[in-house]
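Participant: Listed below are the residues making up each chain.
There are 2 protein chains.
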Amino acid sequence: MTLEQGPTETERDAPHPMSIPRPGHPVTLRDVAEVAGVSVATVSLVVNNKKDARIGVDARKRVRDAIRDLGYRPNALAKTLASGSSRFIGLVADAIATTPFAGQIIHGAQDEAWKHGYVLLVANTEGNELAETDAISMMLEHKVRGILYSTWFHRATAVPPALHETDFVLVNCYSPEFDTRAVVPDEVEGGRTATNILIRRGHQRIAFINTTTPAPARDGRLRGYREALETAGLVYDPELVFDAAPDQEGGYDTVEALLAHGVTAVFCHNDRVAMGVYDGLRRRGLSIPDDMAVVGFDNQEVIAAHLRPPLSTVALPHYELGAAGVRLLLGIDRSDENALIKIDCPAVERDSVDVMQG
Amino acid sequence: MTLEQGPTETERDAPHPMSIPRPGHPVTLRDVAEVAGVSVATVSLVVNNKKDARIGVDARKRVRDAIRDLGYRPNALAKTLASGSSRFIGLVADAIATTPFAGQIIHGAQDEAWKHGYVLLVANTEGNELAETDAISMMLEHKVRGILYSTWFHRATAVPPALHETDFVLVNCYSPEFDTRAVVPDEVEGGRTATNILIRRGHQRIAFINTTTPAPARDGRLRGYREALETAGLVYDPELVFDAAPDQEGGYDTVEALLAHGVTAVFCHNDRVAMGVYDGLRRRGLSIPDDMAVVGFDNQEVIAAHLRPPLSTVALPHYELGAAGVRLLLGIDRSDENALIKIDCPAVERDSVDVMQG
Numbered sequence: 000m001t002l003e004q005g006p007t008e009t010e011r012d013a014p015h016p017m018s019i020p021r022p023g024h025p026v027t028l029r030d031v032a033e034v035a036g037v038s039v040a041t042v043s044l045v046v047n048n049k050k051d052a053r054i055g056v057d058a059r060k061r062v063r064d065a066i067r068d069l070g071y072r073p074n075a076l077a078k079t080l081a082s083g084s085s086r087f088i089g090l091v092a093d094a095i096a097t098t099p100f101a102g103q104i105i106h107g108a109q110d111e112a113w114k115h116g117y118v119l120l121v122a123n124t125e126g127n128e129l130a131e132t133d134a135i136s137m138m139l140e141h142k143v144r145g146i147l148y149s150t151w152f153h154r155a156t157a158v159p160p161a162l163h164e165t166d167f168v169l170v171n172c173y174s175p176e177f178d179t180r181a182v183v184p185d186e187v188e189g190g191r192t193a194t195n196i197l198i199r200r201g202h203q204r205i206a207f208i209n210t211t212t213p214a215p216a217r218d219g220r221l222r223g224y225r226e227a228l229e230t231a232g233l234v235y236d237p238e239l240v241f242d243a244a245p246d247q248e249g250g251y252d253t254v255e256a257l258l259a260h261g262v263t264a265v266f267c268h269n270d271r272v273a274m275g276v277y278d279g280l281r282r283r284g285l286s287i288p289d290d291m292a293v294v295g296f297d298n299q300e301v302i303a304a305h306l307r308p309p310l311s312t313v314a315l316p317h318y319e320l321g322a323a324g325v326r327l328l329l330g331i332d333r334s335d336e337n338a339l340i341k342i343d344c345p346a347v348e349r350d351s352v353d354v355m356q357g
Numbered sequence: 000m001t002l003e004q005g006p007t008e009t010e011r012d013a014p015h016p017m018s019i020p021r022p023g024h025p026v027t028l029r030d031v032a033e034v035a036g037v038s039v040a041t042v043s044l045v046v047n048n049k050k051d052a053r054i055g056v057d058a059r060k061r062v063r064d065a066i067r068d069l070g071y072r073p074n075a076l077a078k079t080l081a082s083g084s085s086r087f088i089g090l091v092a093d094a095i096a097t098t099p100f101a102g103q104i105i106h107g108a109q110d111e112a113w114k115h116g117y118v119l120l121v122a123n124t125e126g127n128e129l130a131e132t133d134a135i136s137m138m139l140e141h142k143v144r145g146i147l148y149s150t151w152f153h154r155a156t157a158v159p160p161a162l163h164e165t166d167f168v169l170v171n172c173y174s175p176e177f178d179t180r181a182v183v184p185d186e187v188e189g190g191r192t193a194t195n196i197l198i199r200r201g202h203q204r205i206a207f208i209n210t211t212t213p214a215p216a217r218d219g220r221l222r223g224y225r226e227a228l229e230t231a232g233l234v235y236d237p238e239l240v241f242d243a244a245p246d247q248e249g250g251y252d253t254v255e256a257l258l259a260h261g262v263t264a265v266f267c268h269n270d271r272v273a274m275g276v277y278d279g280l281r282r283r284g285l286s287i288p289d290d291m292a293v294v295g296f297d298n299q300e301v302i303a304a305h306l307r308p309p310l311s312t313v314a315l316p317h318y319e320l321g322a323a324g325v326r327l328l329l330g331i332d333r334s335d336e337n338a339l340i341k342i343d344c345p346a347v348e349r350d351s352v353d354v355m356q357g
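Those sequence lines, one after another, are chains A and B. For the record, in the first sequence the residue sitting at position 174 is 173 according to numbering that gives the first Met the number 0, with numbers rising by one throughout. For the record, in the second sequence the residue sitting at position 168 is 167 according to numbering that gives the first Met the number 0, with numbers rising by one throughout.
A portion of the hints provided could be inaccurate.
It does not matter which identical chain is used: a pair holds within one copy or between any two.
Below, in silico cross-link-like pairs of lysine-lysine (DSS-like), each with a Cα-Cα straight-line distance of 25 Å or less [unchecked claim]:
#, residue 1, residue 2
1, Lys-142, Lys-114
2, Lys-142, Lys-78
3, Lys-341, Lys-60
4, Lys-114, Lys-49
5, Lys-114, Lys-60
6, Lys-341, Lys-49
7, Lys-142, Lys-341
8, Lys-78, Lys-341
Simulated from the structure, these hints should not be mistaken for lab results.
Please model the complete structure; the sequences and the hints are all you need to start from.
Facilitator: In structure tokens:
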């Protein structure tokens with residue numbers, strides 16, 4: 000091809016010069032109408048997918064081509080106003096985005112929201128009451144379809160009155176009056192799962208390092224531990240339940256007592272406690288799992304997957320909590336108005352327990 | 000007060016019965032107008048804060064009271080459409096919300112956005128190209144003021160073409176052509192800061208465990224390490240630079256070599272590597288900081304603050320990256336169109352280095 004040649008077939012089909020996107024100069028319906036050689040009203044009918052509108056096949060194709068070539072973006076806000084129903088779901092979080100932990104709640108909620116054509120408005124309030132009030136106001140002013148109100152750890156919560164102005168679901172928290180819909184982890188089942196990992200390896204003297212912090216995790220996991228022992232025909236011995244700060248230091252400080260009680264296995268309230276137990280055992284020259292089998296809780300990847308040996312644990316179902324919250328809000332999962340939905344905590348087996356025999 | 004009594008002063012001032020919030024039955028301008036005894040147009044003028052509108056002090060007060068009593072929420076979407084400018088800022092993130100790490104980017108961006116009356120639309124794409132395209136389309140259709148495009152670790156990135164349809168700033172990443180605005184951590188300065196923590200304690204044989212992963216963090220921190228040594232009049236010895244996987248295993252496996260080279264201090268590429276070095280030293284009965292001083296990088300709280308002893312490290316400025324991104328986008332911080340803004344990485348001193356003398 001020489002420079003003197005006229006436009007080729009391809010060049011004539013090339014996008015209109017206006018298709019180069021310019022910030023602040025969005026492509027309008029009028030631009031599309033001009034390029035397609037139809038009226039603005041016709042473009043609007045095509046954009047809004049009015050099936051019964053009488054538009055010729057040819058004109059409809061020209062509009063579609065112009066939309067593609069110009070890179071026209073429909074205005075979602077205008078559509079929301081016109082239809083009277085918004086495509087936003089709000090997610091109010093106390094500290095989920097900033098805790099190295101519960102971000103999967105956002106991820107699960109977002110995936111499920113997108114699946115149904117909704118967009119997530121996330122507000123992280125750092126537990127600050129004023130920020131929370133502002134966040135909920137902002138969401139209501141954006142006419143959200145509903146709000147997920149969530150906490151970074153499983154706990155009881157007061158329900159902010161403004162939430163009652165829309166549909167809402169509590170996620171990873173619940174009202175002490177049990178008068179609202181909530182999705183929470185099944186702590187009892189999780190405690191059973193953790194304990195069963197050890198029972199299945201033949202351990203009989205299994206300790207439980209519980210947290211000193213009052214919370215559903217404290218009561219639920221203890222109940223699960225006890226139920227698992229009793230189901231297996233093992234004696235529940237309160238002397239083997241230790242209370243400790245729910246962190247590395249708490250675990251480290253409990254190792255002495257574990258050894259004094261002659262336990263062969265320990266279920267730790269969380270992975271950080273297990274990390275402290277590792278340090279305490281190692282300091283005494285003891286090895287995991289030969290001298291003691293260890294199981295954690297939470298599956299905090301950055302710790303659990305990289306301890307030596309990698310830690311067997313039970314996962315908090317954060318992703319599923321967020322997704323289930325959206326399904327409840329949109330009425331895809333049906334529930335009573337005050338239902339407390341419990342989500343399973345699955346086992347994540349690594350190498351801190353004995354190899355299973357047979 | 001007996002049941003027979005008429006309404007008290009307080010009861011007569013009580014909110015209109017309609018003020019009980021009902022999901023799906025939002026309070027309208029018309030409701031406010033009725034209670035205030037004015038026209039809908041008057042309410043609209045008060046709501047939109049038209050200063051020059053001729054409305055009596057008394058009527059204005061009645062409208063304000065009715066708004067408060069009824070719990071009227073202005074429609075932010077309608078306001079956006081009417082004014083032609085939106086109050087949304089988009090934040091596209093590859094995996095920020097789900098990595099136990101960079102969530103502070105969201106937090107910083109949100110705080111700064113709110114400060115200026117903007118709301119953050121967050122989309123986590125998990126690095127999936129289709130999700131990313133959808134996220135950017137969604138944001139453009141919501142007529143965002145602009146988009147922050149961010150990555151969970153500092154790296155070069157291709158710029159999705161659709162970003163050019165609006166204002167945008169890259170956060171924690173940059174275009175290899177350096178042709179767009181970007182905010183990134185100052186890796187060189189961070190490397191100097193980490194090394195200086197050890198130099199100030201009088202160490203002369205300081206090792207650096209670098210990552211094997213090519214990244215600005217790899218080149219930048221090495222350059223900072225080298226500059227700090229040279230500024231202090233110490234010899235830069237390439238034999239004291241070790242490459243390792245940037246995790247616990249990488250650190251653990253390097254301890255043998257550190258000891259063979261007789262170093263008294265080590266700067267680790269990140270906190271996870273430092274955690275592995277702790278394990279390796281402990282296994283050999285060595286103690287920190289007496290036998291070896293250790294400095295990390297990242298300040299990954301759940302690890303750094305809870306190792307035994309707590310780890311001295313250098314913080315990645317995630318919060319500040321998000322906040323600075325918003326300030327650039329809104330033109331509050333001025334910059335060239337292709338400016339690469341570097342943010343300082345501050346030292347976080349704990350107990351894994353010797354106590355400073357004098």
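Participant: How would you label the pair Lys-341, Lys-60 (within, between, both, or neither) given a Cα cut-off of 25 Å?
Facilitator: neither (50 Å within a copy, 49 Å between copies)
Participant: With 25 Å as the alpha-carbon cut-off, assign the pair Lys-142 and Lys-341 to within, between, both or neither.
Facilitator: neither (29 Å within a copy, 38 Å between copies)
Participant: Measure nothing new, just compare the shortest in-copy and cross-copy C-alpha distances for Lys-341 and Lys-49 to 25 Å and report within, between, both or neither.
Facilitator: neither (42 Å within a copy, 51 Å between copies)
Participant: Regarding Lys-78 and Lys-341, is the shortest C-alpha distance of 25 Å or less found within a copy, between copies, in both, or in neither?
Facilitator: The answer is neither: 36 Å in one copy and 40 Å across copies each exceed 25 Å.
Participant: Using 25 Å as the alpha carbon limit, work out where Lys-114 and Lys-49 are close: within a copy, between copies, both or neither.
Facilitator: within (23 Å within a copy, 41 Å between copies)
Participant: Up to 25 Å between alpha-carbons, please classify Lys-142 paired with Lys-78: within, between, both or neither.
Facilitator: both (13 Å within a copy, 12 Å between copies)
Participant: Reference check for the pair Lys-114 and Lys-60, CA-CA at most 25 Å: within, between, both, or neither?
Facilitator: Close neither inside one copy (28 Å) nor across copies (46 Å); limit 25 Å.
Participant: Within, between, both or neither: how does the pair Lys-142, Lys-114 come out at a Cα-Cα threshold of 25 Å?
Facilitator: Result: close both inside a copy and across copies, 20 Å intra and 21 Å inter.
Hints 3, 5, 6, 7 and 8 from the earlier list are contradicted by this structure; the remaining hints agree with it.
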